[in-house]
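Residues in the sequence shown are numbered from 4 upward in steps of one, following my numbering.
Hint data in this document are derived by calculation from the structure and do not stem from the laboratory.
Keep in mind that the hints are not guaranteed to be accurate.
Unchecked claim - DSSO-like cross-link-like pairs, simulated, lysine-lysine; straight-line CA separation at most 30 angstroms:
(1) K334 / K77
(2) K210 / K184
(3) K25 / K481
(4) K429 / K210
(5) K88 / K481
(6) K481 / K494
(7) K481 / K429
(8) K146 / K420
(9) K494 / K429
(10) K420 / K142
(11) K146 / K77
(12) K420 / K494
(13) K420 / K88
(14) K88 / K77
(15) K420 / K481
(16) K88 / K25
(17) K334 / K349
(18) K570 / K602
(19) K77 / K142
(20) K184 / K142
(21) K25 / K77
(22) K570 / K184
(23) K349 / K77
(24) K142 / K334
(25) K334 / K88
(26) K146 / K184
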Amino acid sequence: MSPKQQFSPQDYPTRPGVYLMKGEDGVVLYVGKAQNLRARLRSYLRPEQDNRPQIRFLMARTATIETIVTDTEKEALILENTLIKAHRPRYNIDLRDDKTYVSLRIDLREPYPGLRIVRQVIADGALYFGPYSSSTAVKETLKQLYRIFPLRRLSADYCARRQRPCLYFQIGQCSGPCHGKISREDYAGLVRGAIALLSGREDDVLKLLQGQMREAARAMRFEEAALLRDRIGAIKATVERQKVVAHGGGDCDVFGLWGDGRECAIVVLIIRRGRLIDRRSYRLHSAMEEPELLGLVLQQFYDHSNTPPALILLPSPCASSEVLSEWLGEKSGSRVRLIVPQRGDKRDLVELAVQNAREHFGEKGPAEVAMTTLQEIAVRLGLQRVPARMECFDISNMQGGSVVGSMVVFIDGLPAKEAYRRYEVKTLDGHADDYASLHEVLSRRLDRAQQEGIFPDLILVDGGRGQLGILSELIATKGLSVPIEIASIAKARQEKVAGNATLRSQERFFRPGSQMPILFPSGSAALRMLQRLRDEAHRFAITYHRQKRKARLLGSQLEQIPGVGPKTRLELLRFFGSLRQLRAATIEELAAAPGIGVKSARRIYDGLHPAGGHEGVVFQA
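Kindly generate the complete structure, drawing on both the sequences and the hints.
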């Protein structure tokens with residue numbers, strides 16, 4: 004039947020609301036909003052009035068259209084966001100910011116606040132800075148920040164267990180608040196400086212530090228003055244690396260768009276206090292009109308962990324701009340303006356963003372190659388959507404020892420190592436059971452997905468139908484709010500044939516509901532990507548297992564040293580913080596631990612280094 008036979012515009016209300024287009028199987032294909040539902044749906048139901056190919060394409064796959072009426076267009080916008088996140092429709096755009104960006108968090112309610120890298124921004128009363136384009140970017144920021152403001156770097160619980168300041172204190176990258184090396188008032192000053200610097204108020208910080216340096220020099224506190232001088236120099240060096248692009252020192256986000264009617268590139272320039280601090284780029288398969296596309300991009304970009312600035316510059320007007328401006332203002336806590344500048348510096352910034360988008364659109368780099376490979380994976384495995392986030396799990400239980408699991412993550416076809424996770428299996432009673440271990444690891448991952456709202460598009464497990472059955476049953480019992488595709492990969496089998504020849508079968512993939520394995524063409528890019536994902540999970544699990552075995556062996560070495568009982572072992576671990584640091588300690592450092600004298604230190608050292616003894620170690624009695 005044609006769309007006109009299936010649907011009639013008169014069936015739908017003229018009020019604001021949200022519409023959901025569903026396929027024959029009931030799966031949501033597309034979610035949209037409208038100020039007038041009947042007027043919006045008329046363009047879908049009467050394709051002769053709208054010759055855009057995407058309209059005909061979408062309607063050919065739509066079996067039913069459901070609507071939800073709201074009181075205002077803003078309510079429709081909020082509901083649209085909620086439904087897109089819940090159903091993840093195949094034909095809606097997805098910027099996936101919450102999967103790839105990290106932020107810095109500091110909680111001023113702590114006695115000695117410290118900065119932490121986090122992946123989710125939640126309303127918990129703490130301050131958040133960012134997001135940053137990668138964990139590498141945020142680590143570089145922290146590296147520079149600690150040189151200027153040496154805040155507490157380790158957790159308060161960890162520091163409380165130690166008898167002496169950490170290594171960061173020794174190298175001048177921590178002020179040692181947990182061990183009374185700095186007053187609470189002075190530490191609060193470091194926190195204020197770090198917050199100001201992260202907020203982009205470098206000039207304020209420089210003025211404050213310069214005043215403190217002059218005061219210290221007048222009071223002949225030359226060591227303190229030299230320290231402040233070094234901090235000032237570090238800030239200036241950091242600021243000089245940032246390109247000034249906007250005179251007047253304002254904050255704004257600048258959007259640029261370039262496309263060919265079927266796909267497009269989006270670039271966002273992040274400008275704070277007149278400096279370009281970040282650049283985000285996205286490539287989308289969408290044939291929407293530019294106003295509607297820009298509106299959806301703004302919704303998704305700021306619905307994640309991006310805080311809207313007071314000014315957002317656009318290349319052209321977006322749909323529902325007044326409603327979007329009001330919604331963004333509520334998110335930021337102050338007024339947000341959406342402007343399409345026509346001349347001057349602001350127009351130059353928009354043209355710069357558009358130029359970047361045009362260049363990004365023309366690039367054919369690793370990301371585009373990976374996307375083609377992901378599309379092939381989706382087709383061959385029969386997935387509902389391209390698996391932008393893939394997770395693979397593996398279990399390692401060599402020689403019946405401790406059992407560990409691993410999760411590796413590929414985002415847009417590339418390893419996202421900051422998202423890798425390791426699991427120590429807790430539910431087994433001293434016996435190896437790969438199925439039970441996999442069940443526990445997958446259950447913990449899915450529980451965390453429900454809490455954090457970060458779901459994979461595809462979960463791949465190493466194994467055959469048995470492992471796939473465990474995963475399928477788990478997903479059915481968890482009642483997940485987001486559908487997840489699953490598959491298993493069975494290793495290639497080898498068997499002897501005539502003579503000395505060996506026949507090697509292909510790697511086989513299994514999907515729920517089918518007994519027949521899926522075979523990929525030998526050497527295809529899609530097969531190589533999935534093999535790499537599986538091999539990376541195996542490597543990560545084996546590495547973690549070896550680390551735990553090494554730690555267990557070191558612990559047993561301690562148990563075998565005469566005179567070292569459980570209490571002494573516990574005190575040593577508290578003092579040195581870890582088995583690795585304990586093993587690296589010299590006799591002199593061992594003797595400095597509580598309750599350990601020179602004689603015991605030599606015995607412990609020899610017990611931990613049976614081959615090397617303590618040659619070359621001189622202890623001053």
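- Message: Next pair to validate is K146 with K77; report whether the Cα-Cα distance is within 30 angstroms.
- Response: The hint is violated at about 42 angstroms.
- Within a Cα-Cα threshold of 30 angstroms, do K420 and K142 meet the stated pairing? The hint holds at about 14 angstroms.
- Query: Between K77 and K142, is the straight-line Cα distance small enough, at 30 angstroms or below?
  - Reply: It is violated: about 38 angstroms lies between the C-alpha atoms, which goes past 30 angstroms.
- Message: What's the verdict on K334 and K88, does the C-alpha distance respect the 30 angstroms limit or exceed it?
- Response: 18 angstroms, holds
- Message: With the threshold set at 30 angstroms, check whether the alpha-carbon distance from K570 to K184 stays at or below it.
- Response: 28 angstroms, holds
- Query: Does K494 pair with K429 here, judged by a C-alpha cut-off of 30 angstroms?
  - Reply: Cα-Cα ~27 angstroms, so holds.
- Query: Is the hinted pair K210 and K184 satisfied, with a Cα-Cα distance of at most 30 angstroms?
  - Reply: 26 angstroms, holds
- Task: Decide if the proposed pair is consistent with the structure: K334 and K77, CA atoms, cutoff 30 angstroms inclusive.
- Result: 13 angstroms, holds
- Is K88 within 30 angstroms of K25, Cα to Cα? 16 angstroms, holds
- Could you grab the alpha-carbon distance between K570 and K602 and see if it respects the 30 angstroms cut-off? Holds - the C-alpha atoms of K602 and K570 are around 18 angstroms apart, at most 30 angstroms.
- 30 angstroms Cα cutoff - pair K349, K77: Judged against 30 angstroms, a Cα distance of about 28 angstroms means the pair holds.
- If you draw a straight line from the CA of K420 to the CA of K494, is it 30 angstroms or shorter? 24 angstroms, holds
Hint violations for this structure: numbers 4, 11, 19, all remaining hints satisfied.
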